[in-house]
Amino acid sequence: MKKAYGALAALLLTTSLSSHAFADGETIAVFTKNQTNPYFQTVRVGSDAAAKAMKAKTLHYIPTKPDSIPEQLSQIEDVVVKKPSAIVFIPVDYKAMVPGVEKINDAKIPVVNVTDRSAGGKFVAFVGADDYSLGLETGRYLLKTLGGKGSFVIIEGVKGSLTSIDRVRGFNDALKENPGAKLLASQPGNYQRLQALQVMENLMQSNTQIDGVLAANDAMAIGAIEALDGANRKAQVIGVNGTKEAIDAIKSGKLLASGDYNGFMQGCLGMMIAIRSLRNEPVITEIVLKPTVIGKENYQPYDVPLESRTCPSWDEAAKLGTK
Amino acid sequence: MREQAMVLNTNPLQRIPGVAVMLVLLCVVFGLMTPGFLTVPNISNVLVQSTILLMLALPMTLIIMTEGLDLSMGAVLTLTSLIVAIVALATGSLLLGLLAALAVGIVFGTINGWLVAVVGIPPFVATLGTLGMAQGLSLIVSDGQSVVGMPAAVRGVYSGTLGGVPLPIVLGLGSYLAFHGLLYHTRFGTYIFALGGNREALKFAGISARRLLILVYALGGAMVGLAGLLMTARMNSGHPTAGLGLEFDAIAAVAVGGTSFERGNGWLLGTLLGVVAVGVLRNGLNLLALPSSIQVASVGLLVIAALFVDGLRSRS
Amino acid sequence: MTDISNPISGRRMLLSDEMIQVFYRLLAAFLICAALTILTNSFFSVGNILNVLRQASLLFFIASGLTLVVLTGGLDLSIGANVAISACVAGTVIHQTGSPTLGVLTGIGVGGAVGMLNGVMVTALRIPSFIATYGMLWVLHGITYWYMGGETMHGFPAGFRQIGSGYFLGLPIPVYLLLVFLAIGTIFAQRTTWGQEIYAIGANPVAARLSGIPVARRLLLVYTVSGAMAGLASIIFLARLNSAEADIGESLTLPAIAAVLIGGTSLFGGLGTVFGTFVGALILTLVLNGMNLLSVNASWQPLVTGVIVILAVWLDMKTRRRAA
Numbered sequence: 001m002k003k004a005y006g007a008l009a010a011l012l013l014t015t016s017l018s019s020h021a022f023a024d025g026e027t028i029a030v031f032t033k034n035q036t037n038p039y040f041q042t043v044r045v046g047s048d049a050a051a052k053a054m055k056a057k058t059l060h061y062i063p064t065k066p067d068s069i070p071e072q073l074s075q076i077e078d079v080v081v082k083k084p085s086a087i088v089f090i091p092v093d094y095k096a097m098v099p100g101v102e103k104i105n106d107a108k109i110p111v112v113n114v115t116d117r118s119a120g121g122k123f124v125a126f127v128g129a130d131d132y133s134l135g136l137e138t139g140r141y142l143l144k145t146l147g148g149k150g151s152f153v154i155i156e157g158v159k160g161s162l163t164s165i166d167r168v169r170g171f172n173d174a175l176k177e178n179p180g181a182k183l184l185a186s187q188p189g190n191y192q193r194l195q196a197l198q199v200m201e202n203l204m205q206s207n208t209q210i211d212g213v214l215a216a217n218d219a220m221a222i223g224a225i226e227a228l229d230g231a232n233r234k235a236q237v238i239g240v241n242g243t244k245e246a247i248d249a250i251k252s253g254k255l256l257a258s259g260d261y262n263g264f265m266q267g268c269l270g271m272m273i274a275i276r277s278l279r280n281e282p283v284i285t286e287i288v289l290k291p292t293v294i295g296k297e298n299y300q301p302y303d304v305p306l307e308s309r310t311c312p313s314w315d316e317a318a319k320l321g322t323k
Numbered sequence: 324m325r326e327q328a329m330v331l332n333t334n335p336l337q338r339i340p341g342v343a344v345m346l347v348l349l350c351v352v353f354g355l356m357t358p359g360f361l362t363v364p365n366i367s368n369v370l371v372q373s374t375i376l377l378m379l380a381l382p383m384t385l386i387i388m389t390e391g392l393d394l395s396m397g398a399v400l401t402l403t404s405l406i407v408a409i410v411a412l413a414t415g416s417l418l419l420g421l422l423a424a425l426a427v428g429i430v431f432g433t434i435n436g437w438l439v440a441v442v443g444i445p446p447f448v449a450t451l452g453t454l455g456m457a458q459g460l461s462l463i464v465s466d467g468q469s470v471v472g473m474p475a476a477v478r479g480v481y482s483g484t485l486g487g488v489p490l491p492i493v494l495g496l497g498s499y500l501a502f503h504g505l506l507y508h509t510r511f512g513t514y515i516f517a518l519g520g521n522r523e524a525l526k527f528a529g530i531s532a533r534r535l536l537i538l539v540y541a542l543g544g545a546m547v548g549l550a551g552l553l554m555t556a557r558m559n560s561g562h563p564t565a566g567l568g569l570e571f572d573a574i575a576a577v578a579v580g581g582t583s584f585e586r587g588n589g590w591l592l593g594t595l596l597g598v599v600a601v602g603v604l605r606n607g608l609n610l611l612a613l614p615s616s617i618q619v620a621s622v623g624l625l626v627i628a629a630l631f632v633d634g635l636r637s638r639s
Numbered sequence: 640m641t642d643i644s645n646p647i648s649g650r651r652m653l654l655s656d657e658m659i660q661v662f663y664r665l666l667a668a669f670l671i672c673a674a675l676t677i678l679t680n681s682f683f684s685v686g687n688i689l690n691v692l693r694q695a696s697l698l699f700f701i702a703s704g705l706t707l708v709v710l711t712g713g714l715d716l717s718i719g720a721n722v723a724i725s726a727c728v729a730g731t732v733i734h735q736t737g738s739p740t741l742g743v744l745t746g747i748g749v750g751g752a753v754g755m756l757n758g759v760m761v762t763a764l765r766i767p768s769f770i771a772t773y774g775m776l777w778v779l780h781g782i783t784y785w786y787m788g789g790e791t792m793h794g795f796p797a798g799f800r801q802i803g804s805g806y807f808l809g810l811p812i813p814v815y816l817l818l819v820f821l822a823i824g825t826i827f828a829q830r831t832t833w834g835q836e837i838y839a840i841g842a843n844p845v846a847a848r849l850s851g852i853p854v855a856r857r858l859l860l861v862y863t864v865s866g867a868m869a870g871l872a873s874i875i876f877l878a879r880l881n882s883a884e885a886d887i888g889e890s891l892t893l894p895a896i897a898a899v900l901i902g903g904t905s906l907f908g909g910l911g912t913v914f915g916t917f918v919g920a921l922i923l924t925l926v927l928n929g930m931n932l933l934s935v936n937a938s939w940q941p942l943v944t945g946v947i948v949i950l951a952v953w954l955d956m957k958t959r960r961r962a963a
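Taken in order, these protein sequences are the chains called A, B and C. Under my numbering, the very last position in the first sequence is 323; numbers go up by exactly one each time. Under my numbering, the very last position in the second sequence is 639; numbers go up by exactly one each time. Under my numbering, the very last position in the third sequence is 963; numbers go up by exactly one each time.
Keep in mind that the hints were calculated from the coordinates and are not lab data. There may be inaccurate statements among the hints.
As the list claims (entries may be wrong) - Chain A is faced by these chain C residues, among others (derived, beta-carbon under 10 Å): (1) S681; (2) W777; (3) M792; (4) H793; (5) Q835; (6) N881; (7) E884; (8) D886; (9) E889; (10) M930.
Where is the CB? At the ideal position from N, CA and C, for every residue including glycine.
Please model the entire structure based on the sequences and the hints provided.
In C-alpha cells:
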C-alpha cells in the first residue's frame, strides 16, 4: 500500500517539477475548447509563437472533456486564483461562459477574446473571423465552380454551436443567390468525420444526383469525400478551417476548397494584443479576419508545417484592424 | 456496517480509508507545489465547484447501495437546468423555475424507479434509455440553443453568500447533512441498507421493496432538479449539453469514496471525500498548469488508485 | 434462471431459447425494414441495404468483443478509447513503415494489451469492471491526446483502404469482415470449452469456481480477446475513414453497449449471443438510416434511441419469462 502512495507522489512530483522550467516575464493563460480539433491546435501554436517572440510564457487550459462548459468555468475559477498576467480566451459556448468572463473581469485580469465572440463581459479586444461571411464566400466559390446550378447537400456541425449556425446560414445564403441551385437536405454531422461519412452515405441513397456538398468543417468534408469515393460517385466538396489534411486534399484535387479560418493568425494576434496591453503599448480592439477561400490556385502558402509559420509584425497586424 | 468492518482491522494504518489518505496526500503535494493552493479563497473555490457533483453523488450513493445505478443523471441535470432557465425567463420567478425543475427531476426519477422496480429492467439499461430521452428532450425544448437573459436572482444562487459562506457550500453541506440524517438516523435509511444487503428482512418487516426503490430513484431525481438550479445559476443561462457525462463523474466519486458495488455497503462521508478529492485534483493540476493530457489521465489514475488501495485492504 | 446447479449442461438447454430470442429480434428488424419501405422509396434498394449492412458492421466490430465481456457479467467502458488509441498507434506504424500488415498487427497488439490491463485490474486487483474500465477510459484518452498533440493523421495506402471501402463480388469488404468477426465470436462463445465456461462464469461465478473453472484466467482471456477485437476494429475504422484522430472512438461506446443490450445479452451475464449483438447493431443502424432518409430533425434522434433500448430489453424479458 505504501508503495502505491509513494508511486503516486513520485508521479506528481516529477510532473510538477517540469512546469517550473520557464523563464521570467509575463504569463499568459490561453483557453481553448478541446484537444481533438486541429483548429485549436493551430491557435495554440500561433499564440505560443507570438509569446516566444515577445519573451512571455504561456499556460494552456483545455477542458478534459471536449467543449465542457462546467469544466471551462472551473478552470477560469482556478486560473483567477493563480492570477496570470493576462488571458487569451476562446469560450466553449459564447453565451454560457459569460459569468466566467465576468469573474476574470472582477479579478482585474485583462482578457482578449478570440474566435467566438462572447455575448458579454469586458474584453481588451476581439480577434476572430466572421463565420457567416466565411460560409458565404466558401459557398459562393463552390457555386461559381459549378456555374451557379445543381443539387446540393449541407452537412452541419454541432447543433446550437455559434460556428455551425453562422456557417450554415452563410451556405444557405450562397445557395439562395443562385436560382438554379437546389438544396436537397441539411443534416447534422456534429463536426465528426464518421457521422458525416454515414450521413453522406445515407443521403446518397435518397438522392441519385448530388453535385455539391457544403460541410461546416474540414473533417466532415473529408468524411463526405470518403463516402463519395466508396460509392464511386463524384461531387464537388467544400469544407471550412484550412487544416493540413484539407490542404493535402486540395492539392490532390479531392477537395474543391476550404474556407480559411486562420487559427494560427488568430492565436498570434490575440497573444500580441494581450502582451502589448500589459506593456501599455497601443492595441487594436477589433480584428475580424477577412475570409480566404483556399483552392487549387492559392494553396501553396498554406502548405507549410505549422511550426515553421511566423507571426506577422505589429505593423502588418495593425493593417488588419476593423475598428 | 462500515464501522464493523473497520473494528475488525487491527493494523491502525488500515483503519484509514483509501480516499482520506488520497485526499490528504493530494493536499500536501499541491500545498507544497503551489503557493495559491492552501488559501481560503482557493479552498472555498474548490468546495463551491464540487457542490453540483456532490448533489449527484449523494443520491447516487443510495442508488448504488440498492445495487442500482443511474446513468440518466447528467442528461436529466441538463434538462432540469434548461427548465429552470426557460421557466425563470418566461415568468421571471426563480421559485417557479426551481419547482418546475424539481417536478421534472422527480418525474424522471420516478420513471427510472418504476422501470427498475416494477417493470424489472436492469438499472443500467433503464437509465441508459432515460438518458437518451432526457438528452432528446433537452434539444427539443431548447431547439439546440442556449437560453439566456436570466432574472438577476438566478445568478445570486451561485455567487451569493449566507453569513459570509458561499451559498453553494451552504446548499451542498445542507444536502450532505440531510442525506446523512436520512441514511443513518431514520428507518428509511435502515431499509435502504436492507435493500442492498438483506431483502428478506424487508419482506419480514412488511416493507414494499418496490415502493422503496421508486422512492430512492425519485429522491435522486429531486436532487438532480436542485442541482439543475445551481447549474443554471453558475452559467447564468441554460445550455442543451451542459451536464452530459457528469453521471460518470458522480459514479467515480462514489466508487473512490469506498462504496461497494456488490454488498450494499454505502459510506456517505466517503462519497463527500471522494467528490472533494476529484475537485482538489482538478484544481491543483490547473494551478500547476500541467499539460492537459496529464490532467485527462490523472482522474482515471485517481479512480484506479483509490480502488486499488481499498482492494488491498479488503484482502488483507 | 441463474440458479443452475451444473452450469455447463444448463447452458445447452438454454441454446434453443437463445435462438428464439434472436428470431424475435430478426423479426423486429424486418418490421422496421417493412415500415421504412412503405415510408420512403429510397430505402429498399440494393445500394441502401449494402449501405446499412456496412454501417452496422462498423458498430458491430466494436460491439462483438464487448459482448464477450458482458457475457461474463462485466462491462468495458474503455472500448471506444481503446479503438482510438489503437487506431492512432497503428496509423503511425503504417505511415512510418508503409506496411499495412505491421499496422494491423500493431492495432491488434495495442488493443489486446489494453484489454489485458483491464483484465488484470478486474481479476488481480478486484476492481469492479465498470469502475476499472472507466478509469482506463481517461488514462487512454490522456495518452492519446498527448500522442496526437491535437493533430490528425491522414492519407493511407490505397490497398490498405480497401479494407474499409472496397468491394468484392459486389459486396462491401466490411461485410465479409463482419462474417469473420461473427464467426470468431460465435465459435469462441458457443463451440469451445472456454466459451462454455464464460457463460458459466457469467451465470454464476461461485458455481463456476466450485465446478473447477479457473475463473480469473478465463476473465483475463475474455478481456484480452475483447481488447484485441477492438484493436482489429480500429484498423477497419482507420481504413474506412482514411485518417486517425484522438476522438475517433469517443461517440462509439454507448451505441456499442446499446447494440449489445438490444441484441439480448444480459448485463448480469450468462445470457446472450454474439449473433444477437449483430442484430442489435443492425436495428440501431436501420433506425438511424431511416431517420436520415426521412430527414428527421436531429433533436429527436437520441430520444428515439433511448425508447428503443428500453423497449427491446423489456420485450426480451417478457418473452424470456414466457419461455421459462
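Hints versus structure:
With a least beta-carbon distance of about 4 Å to chain A, the hint placing C:S681 at the interface is held under the 10 Å criterion. Contact between C:W777 and chain A, as hinted, is supported at the beta carbon level, the nearest pair being about 8 Å apart and thus within 10 Å. A hinted interface residue such as C:M792 counts as satisfied when its beta carbon comes closer than 10 Å to some beta carbon of chain A; here the least separation is about 9 Å, so the hint holds. Contact between C:H793 and chain A, as hinted, is supported at the beta carbon level, the nearest pair being about 4 Å apart and thus within 10 Å.
Hint on C:Q835 is violated. Least Cβ distance to chain A is approximately 36 Å, over the 10 Å limit. Proximity of C:N881 to chain A holds as hinted, the smallest CB-CB distance being about 6 Å (cut-off 10 Å). The criterion of a C-beta within 10 Å of any C-beta in chain A is met by C:E884, whose closest approach is roughly 7 Å, and the hint holds. Interface restraint check: C:D886 against chain A, minimum CB-CB distance 4 Å, threshold 10 Å, status holds.
Among the interface hints, the one on C:E889 holds; its C-beta lies about 8 Å from the nearest C-beta in chain A, closer than the 10 Å criterion. The interface hint given for C:M930 is met, as the beta carbon of that residue sits about 9 Å from the closest beta carbon of chain A, less than 10 Å.
This entry does not satisfy hint 5, going by the numbered hints stated previously; all others are met.
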